[in-house]
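So the protein lines, in turn, are chains A, B and C.
Numbering of the first sequence is given in numbering that gives the first Met the number 0, commencing with residue 0 and proceeding in unit increments.
Numbering of the second sequence is given in numbering that gives the first Met the number 0, commencing with residue 0 and proceeding in unit increments.
Numbering of the third sequence is given in numbering that gives the first Met the number 0, commencing with residue 0 and proceeding in unit increments.
Read the hints as simulated data drawn from the structure, not as lab findings.
Some hints here could point you the wrong way.
What the hints assert, rightly or not - Straight line, CA to CA, 25 Å or less: simulated SDA-like cross-link-like pairs of lysine to any residue:
id	chain 1	residue 1	chain 2	residue 2
1	B	K422	A	P492
2	B	K386	B	G396
3	B	K412	A	L489
4	C	K16	A	S285
5	C	K16	A	A280
6	B	K350	B	L387
7	A	K134	B	K386
8	C	K105	A	Q283
9	B	K300	A	S285
10	B	K412	A	D194
11	A	K17	C	K16
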Amino acid sequence: MAVRKLDTTAGDLYREVKKGLEKIVGEEWVSDNPTILIGYSRDQSLETARSPNIVVLPDSTEQVSEILSLANQRGVAVTPWSTGGNTGGGCIPQRGGILLDMSRMDRILELDEENMSVRIQPGVTFGKVYVEAEKRGLRNVCPSAPASVSMLANYLDKGVFQVSNKYGVGTDSILGMVIVQPDGTVLRTGCLFQDSYGSVCVEGPGPDISGIFQGSMGIFGVCTEMVAQLYPLPEFEEILAAQFEEDDLEGVAEFLREVARADCSFESLLFQDAYMAMGMAPNQESAEVIRAQLPRQNAILFYGGETAEEMEIRREQLDGILERTGTELAPEGMLELLKELVPWKRVFKIIQVTPRVERLTGCFELFWFNIAMDEVADMARGFMKLARKNFASTDPEAADRPFPYEETTFYIQPLEFGRTCMLEMDAYPNQGEPEGVKRGLAMAAEAIPFICGAGGLFDRPYGGVDSGFGWVQTPMLGNYYELLRGLKRLIDPSNTMNPGRLALPADPAGV
Amino acid sequence: MAARKGASHQLSLNRLRELMIDPARFSTDEDVISGYRQAGSKDGLLAVVVPRSQVDIEQVLKVARDDSLSVYTPLPEGLNPPRPGVVIDFRYMAGVKDIDTRNLFLEVEPGVTWEQVLPELAVRRVRVALPAAASSPYVLENALERQVVTCASRYTNKQISTFHVLMADGREYRSGSDALPASVAHWREDGGPNISRVFTGSRNSLAIPLRGFVFLYPEPEHRKVVVMGLPNRNSARRLAERAARSEIGTEVVLVNKLKGKDLLGFDPGLPTWSVVFGLEGSQRLVKYHQKRLGELAAGLKLKPKAGATRLTEAFSGALAKPWYAPELSIGFYTTFEKVEKFSGMAEEALKGHRGLAQMIIPVKRGASVYIHYDVHDPGKDAGTAIKLLRNRLSNSGAFFNNPTGAHATHIFKRQPAYFDLLKDIKRFLDPDDILNTGQMIDTR
Amino acid sequence: MSELTKNRYDPLLQVQKDAYRCGKCMLCKWIDHNQVTDTAFMNICPSGARFRYEAYYASGRQEIARGLLDGTLEYNDRLLHVLFTCTGCGGCQVICSEQGDKNPLKTIVALKERAFRDELAPLPEHQTIIKSMENYENPWQQPRVRRDSWMRRMGLKDPRKEKVDVLYFVGCTAAYDPELKRVARATAEILKRAGVSFGVLGKDELCCGSTLLRMGDYLSYERVARKNIELLGSLDVGRIATSCSGCNSVLREEYRELTGFDVEVTHSLELIDELLKSGDLKLKKKINKRVTYHDPCHLGRYSGVYDTPRSILEAIPGIELVEMPRNRDNAFCCGAGAGVRTAYPEFALWAATERMREAAGTGAKTVVTACPFCEQNLGDVKKPRLELVDILELVHQSMG
């Protein structure tokens with residue numbers, strides 16, 4: 000059983016800092032008790048569990064500003080945490096310090112139906128916004144993460160969605176932000192630059208500095224408010240499933256590219272059978288039963304529109320693509336099973352696949368990167384070879400286990416007319432066992448250079464030093480890395496904000 | 000800032016002349032230089048340099064750094080250099096490097112123009128988003144500066160994927176997945192924080208562009224331009240907003256009669272307001288959208304007049320070309336419910352100048368809107384009126400996404416923390432402040 | 000900690016797999032998102048919603064279990080607070096079992112049991128309950144002789160002396176609480192009116208042990224349960240009907256895990272529903288009320304009884320039922336369970352107030368429930384002040 004180091008030393012520095020924090024938010028919302036700290040020490044990744052020294056729960060931008068200012072003056076690290084849904088170790092403190100739990104900041108500040116936007120705090124979940132937007136005939140774009148995840152954090156972290164071909168990625172739906180910088184200064188970008196703009200959809204003014212804070216895991220500051228785009232909710236929607244043989248990954252990519260170019264569906268994605276089955280089934284036993292009935296590769300498309308006629312026209316377009324590409328529809332029974340097992344009328348139709356995937360071994364190694372559509376097939380094959388090698392089991396019971404560890408799964412999400420795609424390849428190390436962790440880390444150590452070497456870009460390089468993609472990839476990025484280091488020195492010279500990410504040093508003097 | 004090395008900079012200019020070799024690529028002729036200056040600005044520009052390649056630009060930057068010369072690139076309203084420098088003209092860096100019809104990217108150098116590239120695209124049956132108010136003929140500049148496109152409703156104004164720039168210290172920087180040597184995807188998001196975005200909308204104050212990958216779009220199966228005439232702006236706006244939110248129309252553009260005449264070059268029976276839709280898709284989808292427009296109008300109790308063939312053909316032709324903003328024009332973003340408010344403000348401020356050509360474009364499926372005025376028959380002080388109007392509109396909540404000069408400073412000063420960060424970034428990326436000195440981010 | 004204690008079996012070992020498999024999806028904090036109608040009422044976990052730190056949610060408690068198992072966490076006062084502010088409502092269980100294929104409630108119960116094993120529990124406040132159980136065989140420190148005061152002059156049968164079909168198991172709260180004796184009386188009168196052959200144990204009725212179990216004192220609970228099983232097993236009855244949801248779930252579910260108990264157990268509502276459907280009970284008097292129904296955790300999530308009370312309410316003429324946003328298996332706990340009301344009365348009142356706010360939001364002026372614990376705790380709420388009534392009372396009133 001893995002023994003984790005929990006550094007709960009509370010020296011004089013932290014005692015003073017704690018007093019300072021209590022003055023800002025009140026005693027009730029500050030704790031250095033190990034029972035409290037341990038709740039923030041781990042996520043589902045293979046990152047070593049590490050506790051903060053203090054947890055603080057602010058309630059407002061002003062409080063966050065005071066907290067960061069205090070931390071900055073005292074050289075204490077701060078790790079932001081919105082709802083704890085990070086799957087890659089992004090919120091596990093690398094250098095102790097303060098864990099900034101923003102879940103109390105959970106208000107929808109404004110939902111502008113007229114202009115299709117919503118103004119939210121970090122603790123607002125996808126589920127909360129979805130329900131409120133739905134009442135007004137609108138929707139937020141949601142990832143295949145649980146509904147309990149912070150919408151602000153996911154968008155900021157470049158979330159990718161099943162509607163991404165149509166509506167872009169998370170950053171494309173950000174209209175404005177309030178950022179608290181490491182020294183406590185408050186910055187407003189985009190439509191929040193000044194209050195009178197309303198929810199206007201533009202970048203700036205001037206150079207788009209908001210990008211610095213996107214995908215940054217809080218290393219440049221903390222976002223405490225966001226105005227995000229909402230989209231019309233289709234009146235009519237239907238689902239279509241297509242199937243492919245195991246080895247026809249080229250066919251898969253071509254089909255998805257065609258659908259993406261035609262821009263005729265709301266959501267278009269591909270799940271491999273194991274992944275699909277896990278998403279549909281309430282437990283692993285039934286997942287295996289379902290998997291046996293599924294085609295190897297499953298392209299799922301949601302299409303529709305404002306009217307039934309539009310939906311029919313979209314279907315016609317899709318049928319044309321099926322015919323042109325020689326793609327088969329999945330058996331009718333599969334579609335009915337999908338509709339029956341997954342509450343698909345709400346956007347969480349396949350969205351809750353993540354908790355179901357996590358339940359297998361408590362962990363899934365998410366290799367999630369951008370690649371050209373033409374490279375998908377070779378990349379997938381190469382990755383599967385690595386997974387089989389690293390997870391080939393000597394355990395005699397392994398063959399009976401649903402989804403043996405070497406059975407990697409994947410998900411392809413076309414983007415923007417099929418110009419590129421996000422390819423997610425998952426492996427399932429058992430993070431409850433030291434051997435499982437070892438295999439998982441070995442897999443990461445081989446897979447990340449393989450993927451980067453083949454042109455896959457991790458645009459969300461989570462993690463800390465143990466398992467982080469950022470630590471391997473970032474130094475490969477040439478002058479981008481230099482610029483990143485320079486900006487970190489510029490904006491956070493004390494290196495207090497979530498240190499130890501993206502191949503940036505963890506210690507205060509490191510930058 | 001480095002100490003000045005020579006007030007006259009003559010040695011540097013000589014050096015640059017040598018480096019450019021071809022006399023056509025270097026000029027100190029006042030008649031040539033004055034074309035790049037703002038009206039009324041006299042000093043500052045010493046020469047025009049026309050590089051052919053990245054190496055040329057590197058050399059220019061080195062000379063500039065060594066001699067505390069500024070390096071400018073052209074601005075739509077002209078340059079008002081606070082410090083002596085040279086201006087780079089990209090017209091010889093006009094390589095169309097690749098037209099990737101499979102992955103839908105157009106790779107261009109900064110000097111590539113619309114006129115140059117459009118025939119190439121037509122032959123290959125792909126398209127690019129065309130500007131609705133371009134400040135220059137250059138494709139890459141338009142994309143990097145996020146200028147409004149006619150298809151902003153469906154495709155937004157973000158038309159640049161990855162790009163390569165040269166920083167002030169001469170290092171090349173590649174954005175997005177291009178930073179990864181093995182990547183061919185040209186994915187626009189960086190491998191970590193999106194720091195590359197800081198170069199967009201920066202009017203080359205932070206780096207000099209070398210090349211960029213602009214989005215292409217497949218030619219649609221079927222396309223039809225529909226024009227609906229309405230008697231006033233309010234009804235035109237309501238129809239456009241509703242249609243955009245129903246995701247009808249790749250292009251959705253509203254023009255008043257005067258703007259219509261500007262675009263078409265003549266008046267083929269323009270209504271007071273024209274709402275122009277570029278409908279695309281399968282034949283059935285296009286027909287359906289056309290029908291739906293009628294239904295939506297009826298639902299809004301509007302009775303638009305369908306444009307006659309002559310009118311729709313004229314607009315169809317216009318939509319196939321880039322639209323340029325004249326010097327005396329003003330464009331900004333807002334939300335739909337404020338269209339009348341800001342239009343009123345603009346018209347009041349410019350009422351002394353006969354003829355205001357107005358264009359309105361829904362952005363991002365009708366979530367926001369772009370408003371543009373061209374001033375016809377400008378009277379005296381039209382320029383001043385526009386400058387004052389810009390500030391007034393900014394203060395009232397109109398969003399100018401790439402301001403320059405005094406207007407930029409006016410806007411940035413409204414949020415000191417933002418301005419401070421911008422200045423810090425400028426100083427970090429351009430410690431000698433040689434790139435477009437004072438044109439957008441004035442660090443003085 | 001004694002040597003004996005240290006060497007005893009660790010209840011956390013049976014939940015180790017779950018603790019390590021928690022992927023931190025955080026769905027355990029919320030009701031099923033597909034059922035959300037009002038985002039002001041989406042929380043499912045009372046302790047999490049009140050105290051907000053991650054440790055107070057099921058996901059945090061899984062992490063605590065893991066920390067105790069791998070030796071990186073030691074007991075402290077805060078840990079006990081985290082453990083014993085859990086009411087055991089099972090809200091986290093609903094969504095996690097469906098999405099995560101795990102049993103977080105089992106982990107929480109195991110944590111509490113381990114605290115007892117390690118002699119860090121009971122809390123001083125819970126000590127009172129345990130002592131009361133030892134001395135009086137009920138948690139209310141009430142003498143046994145008063146247990147049958149609610150049934151004076153009712154002439155009810157003793158199943159040990161006369162053959163009856165049904166044992167009416169009253170439960171301690173309805174038997175002793177002066178405000179709630181009317182529920183027991185109402186139940187008895189309903190059964191009489193419907194001609195049901197039933198009896199009661201009166202002052203010889205024993206506590207079911209539910210509070211001990213939910214608090215985590217498994218050993219004490221087991222002692223009580225076995226005694227009860229022996230008594231109940233000795234009766235020649237075909238069925239046991241309770242009017243307390245807590246008693247219902249323990250007798251119905253947990254007693255079965257112990258040997259020797261196989262009598263059918265239902266809530267008296269289920270019996271009444273049958274009587275209404277068969278026509279043996281008729282409800283004639285109109286009660287014009289707009290009501291909302293609070294699903295007790297032990298009747299709903301623990302025993303799966305959701306439709307029956309609603310069916311009964313529908314049968315009462317004049318009753319208009321409006322549902323709260325969180326209803327059925329998404330119902331928000333009243334805050335009383337597992338000894339929380341005794342140990343942390345302020346928190347229990349907070350949870351009750353949240354629930355009453357939700358009830359008030361429906362526009363109903365009356366909250367109906369089917370559990371005396373819920374009634375006690377919800378009844379403490381001063382603002383918003385709504386009428387609180389047991390469903391059995393409504394049935395009784397409507398009988399005429």
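Could you check the structure against the hints above and give me the numbers of any it violates, in ascending order? 7, 9, 11
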